[in-house]
Every structure is written in structure tokens, then in C-alpha cells.
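Asks: The lines below spell out each chain.
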Amino acid sequence: MIPLSAYVAVSAVLFATGLIGVLIRRNFIIVLMSVEIMLNAANINLVAFSHYLESMAGQIVALFVIAIAAGEAAVGLAIIIVVFRGRLSTNVDELNLLKW
Amino acid sequence: MTLPLTDLLAIFPELIIAATACLVLALDPITPAPRKGWLAWFSLGALAACFGITSLQMGVRTMAFSDLVIIDPYASFWKLLLYTVSGLTILLSMAYLKEERIHLTEYYGFLLLALSGMMVMVSAADLLTIYLGTELMSLSLYVLAGFKRADGRSLEASAKYFVLGAFSSGILLYGISLLFGVAGSTRLSAIASAVSARGLDDPALLLAMILLVVGFGFKIAVVPFHMWTPDVYEGAPTSVTAFMAVAAKAASFGAFLRVFLEGLGGLKANWHVLFLALCIATLALGNLVAIVQTNIKRMLAYSSIAHAGYALIGVVVAGQVTADSAVRSLGLSSVMLYLAIYALMTLGAFTVVALLRKGGLEGEAIEDFAGLAKRQPIAAFLMLVFMVSLAGIPPTAGFIGKFYLFMAAVKADLAWLAVLALLFAAVSAYYYLRVVMVMYMRDPQPSTGLAPHLVASPVLTVVLACALAGVLVLGLYPDPLVSLATQAVLALK
Amino acid sequence: MDLLVLLIPTFPLVAVLLNGLLGSRYSHDLAHRLAWGSVGLSFLCSIGVFTETIRTGVAREVVAYQWIFGGDLTVNLAFLIDPLTCIMLLVVTGVGFLIHLYSVGYMHGEEGFTRFFTYMNLFMVSMLLLVMGNNYLVLFIGWEGVGLCSYLLIGYYFDKVSAAKAATKAFVVNRIGDAGFLLAIFLVFVNFKTLDYTQVFAQASQLSTGMATAIALCLLVGAVGKSAQIPLYTWLPDAMEGPTPVSALIHAATMVTAGVYMIVRNHVIYDMAPVALSTVAWVGGLTALFAATIGLVQTDIKRVLAYSTVSQLGYMFLACGIGAYTAAVFHLMTHAFFKALLFLSAGSVIHALSGEQNIMKMGGLKAKIPWTHALFLVGTLAIAGIFPLAGFWSKDEIMAHAFVHGQYALYAMAAIGAFLTAFYMFRLTYLTFYGTSRLDPHTAEHVHESPPIMIWPLAVLAVLSVLGGFLGVPPEAGWFHHFLHPVVTAVGAGEEHGGGVGLVMTLMVVATAIALLGWGLAHYLYSIRTEAADNVAAKAPGVYTTLLNKYYVDECYDALIVEPVKRLGLVWDWFDRTVIDGVVVGVGRMTQSGSALSTRIEKYVIYGALNVVGYANHLAARSWRRLQTGQVHQYAAIIVAGLFILVHLILAWWTGTSGTGMAR
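Protein chains in written order, with the working numbering: chain G, 1 to 100; chain F, 1 to 493; chain A, 1 to 664.
Just so you know, not all the hints are guaranteed correct.
As the list claims (entries may be wrong) - Pairs of lysine-lysine, DSS-like flavour, derived with a Cα cap of 25 Å:
1. A:Lys361 <-> F:Lys374
2. A:Lys539 <-> A:Lys361
3. A:Lys169 <-> F:Lys374
4. A:Lys160 <-> A:Lys368
5. F:Lys98 <-> F:Lys36
6. F:Lys374 <-> A:Lys165
Said to hold, decoys possible - Computed, partial: chain A to chain G, Cβ under 7 Å:
7. His633
8. Ala637
9. Ile638
10. Ala641
Claimed, not checked - Residues on chain F that point at chain A, a partial pick, calculated with CB under 10 Å:
11. Pro4
12. Asp7
13. Leu8
14. Phe12
15. Met63
16. Met209
17. Val223
18. Ala277
19. Ile378
20. Val388
21. Pro395
22. Ala415
23. Ala418
Think of the hints as simulated: they come from the structure by calculation, not from any bench.
Quick caveat, the model's predicted, so the values are computed rather than measured.
Cβ coordinates follow ideal geometry from the N, Cα and C atoms, glycine included.
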């Protein structure tokens with residue numbers, strides 16, 4: 001049987017990957033994917049804990065999170081499209097009208 | 001499975017708002033253009049109805065949906081505040097959108113969706129509902145921030161807000177998942193008992209707590225999680241900025257306080273020190289950077305950061321384990337009082353900003369206010385009152401808010417913190433009064449055809465009158481609000 | 001009587017509302033009648049309250065309504081009417097009324113006439129709240145209100161940049177003082193659970209000396225800000241940018257004395273804190289002397305008067321500090337008379353010369369504006385302390401008290417200050433009214449005496465300046481002292497004089513001699529041998545320049561406080577905008593060459609074992625990238641940095657309080 005710590009470790013790695021992805025990737029879509037990875041890291045945690053603690057709550061939360069992640073992706077993609085129309089670019093770095 | 005009627009009754013206001021939001025979104029395409037204004041009035045009607053219902057619920061304390069949702073005076077306090085500011089924002093938007101030529105009535109739908117998210121946040125008794133509410137609010141706000149689709153700055157604000165908001169909610173969710181692992185439940189009450197069983201030095205618990213601090217810190221814009229605030233506030237349509245600065249901040253504070261007091265109350269000794277550090281950093285950065293701003297929306301953004309810092313003083317007091325419980329609840333009620341007052345004065349200030357137009361462009365530079373006192377004495381006077389109140393000078397409400405907060409700090413043996421905050425408040429007078437100085441002591445710019453003019457309309461007058469009355473009446477007679485806040489805090493265990 | 005009390009602040013408030021909201025709809029005549037009429041009515045009510053207080057001899061409290069309550073805090077908007085309040089009321093409304101009348105003439109034809117009177121009335125309301133309040137919070141409302149009005153009125157001529165700057169400076173400096181005051185209020189509340197004077201003073205004896213000292217010193221910070229004492233006096237001379245009636249009303253007669261009023265009001269607490277008391281005395285003594293020296297060389301007629309105000313306020317502080325509270329209030333009152341007189345006559349001079357304020361461009365005005373000259377001379381004699389004018393009695397009493405109580409150092413400072421006062425005031429008089437005319441010819445043609453509405457208030461003030469002192473005769477046992485006795489009774493100030501008649505007479509003679517000496521020197525330098533003054537200045541250029549530049553205090557403050565604060569804001573701002581962009585430019589090239597490397601690192605991470613070395617590598621790569629990539633990344637990185645800081649903070653907190661602290 002796979003120990004709980006393995007799940008948590010995978011989740012931590014995923015979380016770190018997502019975090020770093022947001023920090024270093026320039027493409028808006030990849031940034032969005034990185035955020036989704038972070039959410040999925042949390043999902044793994046929730047489901048794993050749910051299993052080991054024998055409580056359904058975690059899995060239910062995970063279901064909600066998946067639904068919300070879909071909504072978030074929809075809104076994010078919509079924003080990307082509008083921004084892309086204006087600038088013909090999905091590079092996050094080029095969002096620099098607003099500063100100081 | 002059937003939904004018990006009592007549960008549905010408990011969340012009746014949320015249902016009304018959500019249903020109205022959907023209705024507005026659905027009716028929008030089939031409403032003829034000249035009648036779109038009706039949808040705004042319809043939304044206002046829904047708000048008024050909810051205000052009535054929540055007022056009746058004020059003394060009630062019930063749980064619903066197997067303890068996912070709680071209706072108590074604490075939640076009702078925030079809800080009443082949210083209805084008020086949302087109603088004023090809708091009125092403000094009616095005039096503002098017309099001026100911006102944004103004819104999308106979806107706007108009101110999103111506003112109401114965000115509001116329903118906020119309502120869920122403040123009456124959530126479970127991390128799941130808090131997360132749901134937060135996301136509902138945030139997703140709507142991302143869209144609202146980009147509502148001026150022709151304006152690159154508005155889109156940029158939306159995109160930045162989205163990236164950073166999603167990022168921070170990812171962090172928040174990870175914290176929630178860890179907390180679930182520690183407590184075996186996402187109920188705040190269950191978490192509280194797990195915390196007391198686990199003790200103060202559980203690393204997983206501490207990590208989860210820190211992640212929650214980051215997640216909520218982002219929403220209430222405390223340093224160093226504030227970076228999005230100036231950009232987004234500047235870029236978003238002014239009415240949306242006002243809504244974010246006021247309602248979103250209030251709701252986030254509402255959820256945040258409940259999580260940290262009901263859920264993680266046992267960890268006071270730990271989070272107290274974190275909030276102390278965040279509070280000082282926020283006060284310092286917000287107030288100092290505001291001094292050098294030239295755009296009034298950006299200045300108000302930094303001011304809103306600084307005000308979050310003041311409010312955190314109350315949270316620090318609430319977490320001061322050496323203080324007795326009466327003092328701790330005074331700290332809490334001061335936070336609530338402060339945010340309510342902050343909401344009114346900030347909304348007023350943003351309304352004046354929204355009012356000031358410059359030949360089709362926005363009059364956002366502080367310089368555009370030059371000589372306003374000569375051209376528009378009433379608008380200048382209103383701005384004067386709001387600025388004076390933001391600076392915390394009696395007899396305005398801003399003074400009352402600061403007075404209670406600092407009083408709580410001194411009572412909790414944090415006099416040095418009060419002194420520090422007082423000094424920063426003295427600094428803040430500098431940038432608030434600069435606006436007054438520009439309005440009253442500078443000649444209007446030569447009329448180049450781009451001279452700022454005012455957009456006056458009856459709805460704006462109503463908004464300004466409400467904000468002004470709130471700021472002055474609460475300054476002279478704060479008691480009703482104080483007792484409401486005190487009563488609300490008693491509900492929070 | 002209760003109604004009468006409530007009416008006092010109500011009249012000006014009504015005038016504010018009418019003039020402020022509807023002022024643009026009716027004529028200036030109606031506006032100014034409303035303004036001075038309301039203050040006049042307040043004055044009449046004050047007289048009513050005053051006679052009632054004399055008759056009954058008891059203090060009374062009048063509650064308007066409950067302002068803040070809930071929990072253990074109850075604060076009423078309530079008024080306390082006792083002899084001290086009565087004196088302040090009469091001074092504020094009486095002098096205020098005269099100045100309002102004067103303003104009608106002075107401000108005639110100015111732009112924003114109605115606005116001016118609105119602010120003036122708003123000031124009256126605030127000042128009345130300040131002196132009438134029965135608790136600290138009402139006092140504080142008034143305190144901030146007068147500050148705000150002062151701000152608005154200093155900046156009245158908003159086309160003058162210097163005026164706007166002076167206004168901001170006054171406000172910010174005052175806010176620093178207010179921070180101290182507010183802290184004192186908190187301390188009072190924490191210790192007494194109430195903010196009402198009567199209850200606080202009744203329980204004051206329970207206070208430890210340390211706490212009493214802390215409260216007293218915090219109050220002092222507030223008083224120092226408002227009353228322009230060292231080190232926060234710099235705003236007052238700059239405040240002279242406002243219209244002259246404002247200088248007279250706010251920056252001479254009433255608002256700046258609020259600090260003195262507050263200390264006298266809180267004398268119970270001060271009496272328990274000897275350290276704080278002597279601090280008050282020394283702050284006052286030093287300010288009295290220091291400001292007088294600066295006054296010696298100033299050339300702007302209003303600035304000379306401003307420094308003399310600072311100096312005279314110093315005398316009042318000194319009096320408070322040595323326990324002579326009655327003398328402080330006495331001097332406060334006489335000072336209000338003669339300083340208002342001086343400022344208003346100076347205003348009359350400025351009016352006559354179409355705005356000229358430099359005394360080096362005056363001279364020989366005696367013949368042209370005889371009335372103004374006569375009135376100004378009365379004021380000068382009074383402030384210089386020439387027997388038997390008002391200033392003589394009040395100043396002599398302070399000095400005598402210092403001498404009798406063995407405070408010889410303070411006495412010496414006060415005496416030197418008195419000498420300097422006489423000197424610079426007569427210098428001012430000689431340069432302005434005597435000698436040869438140095439007017440520029442264009443101005444000279446238009447010199448004219450002011451209209452009666454400006455002269456009559458001056459005449460009344462002159463009479464008060466001459467006779468006002470007799471209220472306090474004989475020293476320490478006059479009517480004034482008996483009247484105030486119930487308020488300051490706890491102290492025993494003036495209970496025993498110690499010295500006896502002989503000493504008193506001697507001190508009086510000495511004081512007169514000092515004043516006459518100052519007059520004589522001024523007469524010699526500026527009337528007999530007019531070139532001598534320049535010679536003196538030429539012989540000690542360093543001293544002269546230092547004085548002329550006011551000891552460079554403003555420059556020091558700018559360099560030490562104002563600039564660093566601004567710079568801090570700028571640095572932060574600069575960090576936000578430059579570091580990031582700068583680094584982008586600086587290492588732009590590196591990006592290109594490093595991209596292959598970073599891709600590899602990414603793969604490494606995504607596929608990989610997150611071992612320590614890899615992680616550290618990545619951290620480094622990330623921090624580089626963070627600096628190059630753009631705003632959003634930077635923001636996200638800062639969020640993460642904040643996360644790490646919090647973790648470290650918790651760890652540090654843990655190691656700092658190992659075990660016991662955490663376990664609680």
C-alpha cells in the first residue's frame with residue numbers, strides 16, 4: 001500500500017511546479033495551466049487525506065475545486081482572447097501599461 | 001435527496017441575489033436598449049428586499065446545510081454593509097457607465113454575482129463554502145475589471161488581476177487542503193478542536209496557516225501581497241474600483257476574521273506575530289508610497305492598502321493572548337466599525353473621481369482637481385470631507401474609526417503600535433490634504449477645451465448624499481454602528 | 001442658562017451653514033452681517049453665562065447629547081462652564097467679534113469674501129467647542145477643527161505658492177502634535193475609564209507619578225504643536241501668509257493659546273508630574289528667549305509680530321511650568337488684547353500701503369495714518385510691558401512668580417526676553433512710523449487711513465490693552481485671581497507670595513526698567529543714530545545672518561525629516577518602477593544566452609527530483625528571471641517572497657520564545 005507521505009510528496013512537487021511555472025513562464029496560457037497544476041496539487045492532497053482519514057469531505061471538496069477550476073479556465077481564456085485581440089500577443093510581460 | 005425548507009430559508013438573501021443576477025443576465029439580450037436601465041433598478045429592488053430580510057435576521061443564529069453555512073449577527077453585519085455599498089455602487093454605475101458608453105447590462109449581473117459570492121464568504125462556516133464564495137466573487141471581479149473593453153488599461157488590469165488572483169487562490173486552496181489533512185474536516189469548528197488537540201507547534205498546521213494568511217492577505221491587499229492593488233485599481237472602471245476597494249475588501253475581511261478566530265483561534269500566539277509584522281509593513285508602505293502618487297485612483301489604492309493596515313491593528317489586538325477577552329472583542333468590533341466607515345468614505349471619494357470628467361477622458365490626475373473649489377464648490381467640499389475623514393480628523397467618521405482601533409491597541413498594551421499608526425496617520429494627512437490643497441489653493445488650469453467638468457446626475461447626487469451623510473452622521477453619532485458591531489462580535493466565538 | 005450655553009456655539013454654526021451652503025445666492029453684505037452678527041450674539045450669550053457664573057460661583061455641565069457610548073466608553077458632547085471657560089469664552093467671542101468687524105473692511109472686495117467668513121465662523125465654532133468641552137474628546141474635535149480652519153485660512157490666497165506650502169506645513173506639523181495629544185487621551189482613558197474632566201481630575205490622585213508624567217508629556221507634545229513652541233514652532237511664522245485678520249484671530253489671539261488652555265485645564269495632572277512641569281517651564285522659557293532673538297532682525301512686519309507671538313506664548317508656558325496658572329491665563333487674556341491690536345493695526349498699515357509688508361520700505365507713516373499709529377503705539381507699549389498697561393501686569397506677575405519661587409534661571413531668561421521684546425517692538429514702531437519715508441513713490445501716493453469699521457475695533461482693543469491689566473491688580477490677589485481661584489485651587493498657586501510688598505515693588509521697578517531700557521536702545525539705534533543699527537549688524541555678520549535665517553531651523557527640519565520621508569516614498573516608488581526596468585535593460589543580453597540554460601533547468605524540475613541543489617539552482621534562475629520578466633511575474637514572486645518571509649518569521653518567533661512562550 002502506498003503510504004500517505006508519497007501522495008503528499010507528489011502533491012508538494014506538483015504545487016511547487018505550478019508555483020514556479022507561474023513565476024517563470026511568459027505565456028499567459030502556460031501561466032493559466034500552471035495555476036491549474038497548483039489546484040490539482042491541492043486536489044491530490046484532498047483526495048489522499050480523504051482516503052486515509054476515511055472522510056468523504058475531502059473528495060467532495062475536490063469535486064467542487066474541479067468545477068471551479070473549469071470556471072476559472074473559462075474566464076481566464078476569455079480574458080486572454082480579449083487581450084490577444086488588442087495586442088496580438090499572449091505574453092504576460094507585455095502587460096505593462098500600468099505601473100509605478 | 002430533498003433540500004430542507006429551513007436551509008433554503010436561511011440562505012434566502014443569497015438565493016434572491018443569485019436569482020436576480022441570473023435573471024438580469026438572461027433578460028439583458030431581450031430588453032430593448034432604452035429600457036436597460038430598468039434592470040439596474042430591478043437589481044436595486046432585490047438589494048432592498050435582501051436588506052429587509054437580513055435586518056430581520058439580525059438577532060438570529062442558525063446553521064444550515066449541515067453546518068456549511070452559518071447565519072449569525074456577525075454575518076448579518078457584513079451583509080448589511082455589503083448591500084449598502086453594492087446599492088450605492090449600482091447607483092454610481094448607472095451614471096458612470098452611461099458616461100463611459102458601456103451599454104452592457106451584464107455588468108449588473110456580474111456585480112450581483114460578486115455580491116452573492118461575498119455573502120457566501122461572510123456567512124460560511126466551512127472552508128469549502130469560503131473557497132466557493134471567494135472564487136465566485138473573484139471570477140466576477142476579474143470580468144468586471146476588464147469591462148472597458150476598448151481601453152487597454154482596463155484589459156490589462158483584468159488580466160493581471162486574474163493571473164495573480166488565481167495564483168493566490170491556488171495558494172489558499174493548498175492551505176485548505178493541508179488544513180483538511182490536519183483536522184480531518186473543513187468545518188471551522190472541527191478545525192478549532194483539531195488545533196487545540198494538535199497544539200501550537202504542529203508544522204503542517206503552521207504551514208497551512210501561513211498559506212491561508214497569504215491567500216487572504218492577497219484579497220485584503222496587505223503588504224507584501226498588495227502588488228496587484230495599484231495597477232488593478234487604476235485600470236479598472238472607476239465604479240468597479242470603488243466596488244473592489246470597498247465591498248471585496250469588507251467581505252474578505254469578514255471571511256478572514258471568521259477563519260482566524262473561529263477556526264484557527266487556538267493559534268493566536270502564532271498568527272498574532274505574523275499580522276503584527278504585516279500590519280507595520282502595510283502601514284509603512286501604503287502611507288509612504290501614497291505620498292508620491294500623481295494619479296488619484298492610484299493614490300486611493302495605496303490609501304486603501306494603508307487602511308487595511310489600520311484595520312489589521314484590530315486583528316493584532318484580537319490575537320493578543322495577554323489581553324483579556326473584552327479587549328480582544330473590542331479589537332474585533334473596531335475592525336468591523338473601521339471597515340464600515342472606510343467603505344463609506346472611500347466610496348464617496350471614488351464617486352467624486354468618477355464624477356470628474358475631462359473632455360471624454362477621465363480626470364484621474366490629481367492635477368485635474370486644480371481649482372475645483374472655484375468651479376464646483378459642492379464637489380470640492382464633498383471631496384474635502386472625504387479626504388478629511390480618510391485622514392482621520394474629527395468630527396468625521398474616519399476619526400471615530402481610528403479612535404476605536406487605537407483605543408483597543410492601547411488597552412491591549414500595544415501603545416507603541418498605536419503611536420506608530422498615529423505617526424503614519426500624520427503622514428497620511430499630507431497626501432490627503434494635498435488633494436484638498438490642489439482643489440482649494442490652485443487656480444483652475446487654463447481652459448483648453450479639455451477643462452474637467454462634472455457629470456452631475458440625480459443618482460450620483462444620491463450616492464454622494466448617502467456617503468456624506470454617513471461620514472458626518474457616524475462622526476457625530478456613531479453609536480448605532482458601534483453597538484451593531486459589538487453585537488456582531490459577540491456572535492463570533 | 002443651559003440654553004444660553006448651547007446657543008453660544010450654535011449661532012456661528014448656523015452662520016456657517018447658511019453662508020457655506022447658500023452664500024453664493026445672496027449679497028456680500030448679508031453674508032458678513034450674518035458672520036459678525038452670529039459671533040456678536042455668541043458674545044452676548046457668553047456675557048450672560050459669565051454673569052451667571054459670577055453670581056452662582058459654581059461650575060456646571062451642560063450635556064448636548066451622548067456622542068459615543070457602548071462598552072465601557074461613554075463620551076458626551078457636553079460643555080463645562082467654569083471660570084476658566086468663561087474667561088476663554090469672553091476672550092474668544094469678544095476678540096473674535098471685533099476681528100470679524102474689522103475683516104468686513106479689510107477683506108472688502110477680495111475674492112471669496114463669503115468663503116472667508118464661512119471659514120472664520122467655522123473656526124469660531126471649533127474654538128468654542130475647544131474651550132467649552134467637558135471632556136478630552138470634545139476638546140480634541142475643537143482642536144482638530146481649529147487646525148483645519150487654520151489650514152484653509154492660511155491657504156486663503158491660493159494663487160500664492162508660499163501660502164499653500166505654509167498651509168500644508170502648518171497642518172502637518174500640527175498633526176505631529178495631535179498624535180501626542182491623542183495618545184494622551186488614550187492613556188487617560190485606560191487609566192480612568194472616562195474622559196470627563198471632572199471625573200478624571202477627581203481620581204487623578206490615584207495616578208502614579210510615572211503615568212502622570214507620561215500623560216502630561218504627551219499632552220505637552222500636543223500643546224507644543226498647537227502653541228508653536230520649540231521644537232514645533234516653525235509653522236507659525238509661515239502661517240502669516242494668510243490674510244491679516246486671520247493672523248490676528250487664529251495665529252495670535254485664540255487658536256495658538258489653545259495649548260496654554262489645555263495645560264491649565266489639566267493642571268491637576270501636571271501638578272503630579274514635576275518633571276513634566278519643569279519641562280513645560282523650560283520649553284516656555286527657551287522659546288520666549290529664542291523667538292525674541294529671531295524677532296530682532298526680521299523685516300516683515302507680520303513676521304516680527306509672529307515671532308513675538310511665539311515668544312509671548314513661551315511666557316505663558318513658563319508661567320504654567322512654575323505653577324502660576326492664573327498668571328498664564330492672565331497673560332493669555334492681555335496678550336489676546338494687545339496682540340490682536342498689533343496685528344490689526346499692522347493690517348491697517350498694510351492696507352494703507354496697498355500690501356507692502358517690508359518695514360524697510362516704510363517709515364514716516366505717523367503723519368499719514370495718525371490713528372493707526374496711535375493704536376499701534378498703544379499695542380507696543382502694552383506688549384513691551386510699560387507701566388501701567390496690560391502687558392506690564394501680566395508679564396510682571398509671571399516674572400515675579402519665577403523670582404519668588406527661586407527659579408532664577410527662568411527669571412533671567414524671561415527678563416532678557418522682556419528686554420528683547422521691548423527692543424524689537426520699538427524697533428518695529430520706529431521703522432514703520434518714524435524717521436524718513438522709505439516708501440516707493442508709487443505706493444506713497446496712495447497711502448490712506450483705514451475706514452472707520454477697521455479703526456473702531458482697534459480702538460476698543462486699545463482700551464482693553466490699556467485697562468485690561470487692572471483686572472489683575474493687585475498682583476496675585478486681584479479680581480481675576482479670585483475669579484479663577486476655584487479652577488486652579490488644587491495647586492495653591494498664588495496662595496502665598498512669599499516675597500512681601502517690598503520685593504514685589506522692587507521686581508516691578510526692575511521690570512519697568514528692563515522695558516524702558518529696551519525702548520531706550522531702540523530709540524537710540526533707530527531714531528537718534530539711525531546708521532548705528534547697520535553698524536551693529538555689520539560688526540557681527542554671522543550672528544545677523546543666523547538670526548535673519550531663523551537659526552536655520554527650517555532648513556534643518558527639511559534636511560532631517562521632510563526630505564528623508566519624501567525620499568523614502570520616492571525610493572519605494574523608484575524601486576517599483578526602476579529596479580525592475582533597470583535590471584531588464586542591464587541584463588537584457590543575458591536573457592538570450594541564458595534561455596537555453598533555463599529551459600534545461602525547467603525540464604530538470606518538471607521531471608525531476610527536487611533535490612537541494614536543483615532547487616537552489618532554480619531559485620537562482622527564478623530570481624534572475626523574476627528581475628527580467630515583467631510586472632506580473634514580479635508581483636507573483638513578491639507574493640512568494642512574502643510567503644517565505646512569513647515562514648521565517650514563524651521560525652524566528654519559535655526559536656525566540658522556545659517552548660514556554662508558545663505553550664502559554
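Asks: Could you check the structure against the hints above and give me the numbers of any it violates, in ascending order?
Replies: 1, 4, 9, 10, 11, 12, 13, 14, 15
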